[in-house]
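The listed protein sequences correspond, in order, to chains G and A.
Residue numbers 1 to 191, in my numbering, belong to the letters of the first sequence in order.
Residue numbers 1 to 184, in my numbering, belong to the letters of the second sequence in order.
Cross-link-like lysine-lysine pairs, in silico, DSBU-like; alpha carbons within 30 Å at most:
hint, chain 1, residue 1, chain 2, residue 2
1, A, K145, G, K137
2, G, K33, G, K21
3, G, K136, A, K145
No wet-lab data here; the hints were simulated from the structure.
Note that the structure is predicted; figures quoted are calculated from it, not measured.
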Amino acid sequence: MPEMPQVVRGFGVTFNTIFKKVVTEQYPEDSTKYPPKPRFHGRHQLNRWADGLEKCIGCELCAWACPADAIFVEGAENSETERFSPGERYGRVYQINYVRCIFCGLCIEACPTRALTMTNEFELADNNRADLIYEKKDLLAPMLPGMLAPPHPMVPGTTDTDYYAGKITGAVPEQLIEQELLDEEVSEVTS
Amino acid sequence: MGLEEKLPSGVLLTSVEKVAGYARKGSLWPATFGLACCAIEMMATGGPRYDIARFGMEVFRASPRQADLMIVAGRVSQKMAPVLRQIYDQMPNPKWVLAMGVCASSGGMFNNYAIVQGVDHVVPVDIYLPGCPPRPEMLIDAILKLHDEIQDMKLGVNRRRQIAELEELALASPSTLEMKGLMR
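Could you build the full structure based on these sequences and the hints that come with them?
Following this line, the structure appears as C-alpha cells:
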C-alpha cells in the first residue's frame, strides 16, 4: 500500500479530533460543577454554636498567623446583659481584607475553637478596594433553624466547657426569656 | 431638524450605547502583561480547558496598541511600574485594567519596599480580583463582571459628563497613599 502524503495525514488528526470529548469547562453556564472540590479554599466563614452563639472568642490568633496581615480582630468582654459567645470574650470587630488574603488557610489552622473555616465561595471580584474588606456581618454564618440570634445567655445549667465539648444541641426557650428579662432590667436602669 | 429632535430625549443615544457596549464586551482583546505566577493561571484561561475564546477574548495581543484590556497578572515591582504605565498609555481608548491576584490589587503578602502596593497607584483599575493566584474560573468571573460594566458604559456627551463626575469623586476621596490600616 502506498504511503499517504504527509499533508493528508495531517488532516487526519483534525478529522479524528471531531470525535473526541470536548475538554472545555463551561464555567458560568454549568454551575453544578462549581466549586471544583469540597476542600477548595474560598471565602471565610465565622461559625456559630448550635444555639446561635458565636464561636469566635476574639483571641486574634488568626490575625497573628496571617502571613499577609489581612485579618483585623478586636475582642471585647461579654457582659452579664450582652453575651455573644460562651466564655469571657468575643470578637467585636472582625475584618478580612480580601485584597490581601492569599487563601493559605493558616488562620483556619490557628483557630482554637474552629470558629473560622473556609467556604467554597470564590466569586469575589469587585470594582473597588473598600468593598473587598469583609466585615463581621459579611463573614458570619447564616442562622439555621433552632438557632437564636445573639446576644443571649448560655443554655441554662451549662458552662463554656460544655460548649467546647459539643454538648449543646440547640437553643432552648429559657434563653430567649432570660434575655428579655435582662433587656428589661437594662431599660429600667437607663430610664 | 433631524430625527433625534423628534424622539424623546436619550432614546437614540441609549440604544447606540447598548449596541456599542455589546460590541465592545464581545471582543475585548487583552494585552499580555503576565508578571508572575498569576500569568500561569491567565495562560490556562486562554487554553482549551477554560477557553476564553468563548467570550471573544482569545487573542492576547503582544502589542498594546491593539489591546483593550490590560490584565495585570502578578506583583508589580517599583522598577516595573513605569513600564506598566507606558504600556497603559500606549493602549488606545476605550481601555480597561483588571488587577489579577492580590499582589496586583494591593501588594498582597509582599508588604515591602520592592513591590508597588497595588497597581491603582499607577493606573486606574476597573476590577480587582482576589486570590493567590486566582483560579481560571475566578478570572472568568472577574471578566464577566467587567463585561457587565462595559455593557453599561456611556458614550459621547454622557461619557464626558460621567468622567467629570468620577474625577470629582476621585479628587474628593483620600489618595491610596494616605489610606491607613487595611485600606493601605
